[in-house]
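Could you build all of it, start to finish, from the sequences and the hints given here?
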Amino acid sequence: MDWLGHFNYWVVIFLMMTGFYAVIARGNMVKIIIGLNIFQTSVFILFISAGKIIGASSPVLEKGVDLYSNPLPHVLILTAIVVGVATTAVGLALAVRVRENYGSIQDDQLTEEEDGEPNT
Amino acid sequence: MAVAVLRMRDLFAAVMLFAIYSLVSASLFAVLDAGDVALTEAAVGAGISTILMLVALSLAPRHEDRGRGRNLTALVVVLVTGATLVYATWDLPPFGAADNPIHQHVAPYYLEESYKDIGIPNVVASVLASYRSIDTLGEVYVIFTAGIGVMMLLGATRKRRRQPADEPIEGEEGE
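Chains as they are written, first to last, in numbering that gives the first Met the number 0: chain A, 0 to 119; chain B, 0 to 174.
Warning: the hint list may mix true and false statements.
Claimed, not checked - Only some residues are given here: those of chain B computed to face chain A with a beta carbon under 10 Å:
#1 Ile-19
#2 Ser-21
#3 Gly-34
#4 Thr-39
#5 Thr-72
#6 Ala-73
#7 Phe-94
#8 Asn-99
#9 Val-149
If you are wondering where the hints come from, they were derived from the structure by calculation, not from laboratory data.
Cβ atoms here follow ideal geometry from the backbone N, Cα and C, with glycine treated the same way.
In structure tokens form, the structure reads like this:
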């Protein structure tokens, strides 16, 4: 059963690569931000699954429970989730701003416009 | 699920699917003993992110244009990176074993001493608010900076829009 012990990493890598593909291959800015979020979620899953111990309970102290999962990754990921939302907000604000100034949030359309006529 | 999100051309449907995806990952966190993280992900990932994206979509076109189709270079880059990472996982410790290196460092200290030090049973809360409170302070700074950034980005638009008075102002809402 050794290979099954790494299954969580493979799920993480699959999600991470999906998000990565969205970021580099998609032209739409909202789609890129969604891809970035999927990438982030994969990192969250990596940390949380690293902190899990099979048979342990969640790290809230109780009498009669000896084995707890590792609380440290939970703390780090709590911080990371909130920071991730802040990043999303700034990214979307940028996209909205680009749309207001240039009329599109598609990468290729923006490039065409830049090549065609100078836009203020 | 993630693949479905990315294949969806209708951005509204993509955002909705992304909310479901967040909820699914939140339940995954709950299964992995991270109750606090699951709550945060359900509230923040599935709630606030979705609202932010919907606000952005109300200001932007809803449909994604059909682009170049498949981007082969990107696919190759992604596959090579993924293969490298899978190769790297062979050096990582197996899932869920109690003697993994991550459980040997400060975590036992937190679990054994935090009740004596702080006096609340939730170890995650005591680590977040006490042992690593500087970290949390930094997080607040990040959110503050992001808020200022969003305000500058969206507020500056409105000011500039107002100056040429003859230009028609499209329906725009703040964030």
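Where does the structure disagree with the numbered hints, that is, which hint numbers, in rising order? 1
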